[in-house]
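Novice: Numbering-wise (UniProt numbering), the sequence shown opens with residue 1 and increments by one.
Calculated directly from the structure, the hints in this document are not laboratory data. Quantities reported herein were computed from a predicted structural model and do not represent experimental measurements.
Dumping the calculated DSSO-like pairs for lysine-lysine here, alpha-carbon to alpha-carbon at most 30 Å:
hint	residue 1	residue 2
1	Lys65	Lys120
2	Lys55	Lys120
3	Lys35	Lys120
4	Lys35	Lys65
5	Lys65	Lys55
Quick list of the computed label-pair ranges, beta carbon to beta carbon:
hint	residue 1	residue 2	range
6	Asp43	Tyr20	29 to 37 Å
7	Ser29	Val118	31 to 39 Å
8	Leu116	Gly89	29 to 37 Å
9	Met1	Lys55	19 to 27 Å
10	Leu83	Leu109	15 to 23 Å
11	Thr87	Arg122	43 to 51 Å
12	Val118	Ala36	26 to 34 Å
13	Pro21	Ala64	40 to 48 Å
14	Pro88	His52	38 to 46 Å
15	Leu19	Glu70	27 to 35 Å
Think of the CB as a built atom: it goes at the ideal place given N, C-alpha and C, for glycine as much as any other residue.
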Amino acid sequence: MYADFIGSAGSIFDLTTPLYPGYFLPLASLGNLAKAVGRGFRDPSNRVIQNHFAKSGNLGEIAAKEEVWEVGAQLVGLSIGVLILDTPGIQSSYLTLTLTWLGVRLLHLWFRYQSLVVLKFRTVRCWT
1 MYADFIGSAG SIFDLTTPLY PGYFLPLASL GNLAKAVGRG FRDPSNRVIQ
51 NHFAKSGNLG EIAAKEEVWE VGAQLVGLSI GVLILDTPGI QSSYLTLTLT
101 WLGVRLLHLW FRYQSLVVLK FRTVRCWT
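Taking the hints into account, I'd like the entire structure generated from these sequences.
Specialist: Below, the structure written as structure tokens:
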């Protein structure tokens with residue numbers, strides 16, 4: 001979940017670029033950096049989750065299937081995003097655009113939480 005929050009922060013930097021066009025490059029760079037850091041946090045935890053489902057030692061198969069589903073979901077999300085952004089009211093109002101982004105992002109975080117809460121691990125490793 002931390003990775004998703006960091007990715008959301010990166011998206012916020014991207015979302016502020018129209019407000020400060022003179023700072024486009026630094027804001028877009030910070031957005032990409034935050035999203036890359038989020039991916040860096042997400043990838044190792046994804047391997048643990050994939051290990052959870054690899055009951056018969058088929059981690060490669062599980063990882064391949066997960067990657068295919070992820071790409072498919074990204075394409076569907078991109079298509080829906082294009083359709084939403086093609087709505088004239090969203091394009092003309094920055095507030096509407098921001099609220100739409102917030103709604104979609106909160107929905108994403110809720111779905112992520114719902115998918116993670118069902119996992120059961122035998123051990124929990126805490127660093128102290």
